[in-house]
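Take the sequences, apply the hints, and build the full model.
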Amino acid sequence: DAGVIQSPRHEVTEMGQEVTLRCKPISGHNSLFWYRQTMMRGLELLIYFNNNVPIDDSGMPEDRFSAKMPNASFSTLKIQPSEPRDSAVYFCASSLNSGPYEQYFGPGTRLTVT
Amino acid sequence: GESVGLHLPTLSVQEGDNSIINCAYSNSASDYFIWYKQESGKGPQFIIDIRSNMDKRQGQRVTVLLNKTVKHLSLQIAATQPGDSAVYFCAENPMNSGYSTLTFGKGTMLLVSP
Chain H
4 DAGVIQSPRH EVTEMGQEVT LRCKPISGHN SLFWYRQTMM RGLELLIYFN NNVPIDDSGM
64 PEDRFSAKMP NASFSTLKIQ PSEPRDSAVY FCASSLNSGP YEQYFGPGTR LTVT
Chain X
1072 GESVGLHLPT LSVQEGDNSI INCAYSNSAS DYFIWYKQES GKGPQFIIDI RSNMDKRQGQ
1132 RVTVLLNKTV KHLSLQIAAT QPGDSAVYFC AENPMNSGYS TLTFGKGTML LVSP
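Going line by line, the protein sequences match chains H and X. Under our numbering, think of the first position of the first sequence as 4, with each following residue one higher. Under our numbering, think of the first position of the second sequence as 1072, with each following residue one higher.
Take these hints with a grain of salt, some might be off.
[Unchecked claim] The following residues of chain H were derived to be distant from chain X, with all beta-carbon distances above 12 Å:
(1) R25
(2) F68
(3) E86
(4) S98
[Said to hold, decoys possible] Reference listing, derived: stretches of chain H covered by chain X, where coverage requires no fewer than 3 residues with Cβ under 8 Å from a Cβ of chain X:
(5) 46-55
(6) 106-115
Rather than coming from a laboratory, the hints here were simulated on the basis of the structure. Every residue gets a Cβ at the ideal spot worked out from N, C-alpha and C, and that includes glycine.
Here it is as structure tokens:
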């Protein structure tokens, strides 16, 4: 099993540019989560999907952030326009909603906005 | 102004010692708990889990203890090794959430010296 796959692993962009982060969950998992991790705020849940449907996006910082899950094997997190304060490590995780509730995390995307 | 980072509690031990990492959880309705280990530059990795109908569960070199009365969770690592150095997070799943969401604690850094 390849585990959760994220791309790119590192992204450096200039303020104002659009950034798209990608995630491929573990095959068969029906829940997908996007997290952001910073030294200031720790690990924060941004949004999660169940069966490709967004369930709770209350953690999304503002309208500049959007997430989609067009099918069971792919999700994107987009930031447009990006700002320096968006610099963080973004993790994608997947799980089986029917339990157990262990979430499997990807390696993360380190985003730097200059 | 000066930025204030997330000051993680730190536990420093010698190789071969037993380590105990503590966590206080917030939701008395939570029925599932997980410990994750996060090494530098990697995503959180599952260590061990426990359901609320248990008060102790053992894995390989690790034991999780659950005290529901005081909403306390602990992770015990036997014969700690340098490779155990990482940040450890506890997480809880609220029974009434309906989904496999997890609420993460702030984390504890474990430093193991040879």
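Against the structure, the hints come out as follows:
no., hint, result
1, R25, "holds, 15 Å"
2, F68, "holds, 18 Å"
3, E86, "holds, 16 Å"
4, S98, "violated, 5 Å"
5, 46-55, "holds (count 4)"
6, 106-115, "holds (count 6)"
The structure fails to meet hint 4 from the earlier list, while all remaining hints are met.
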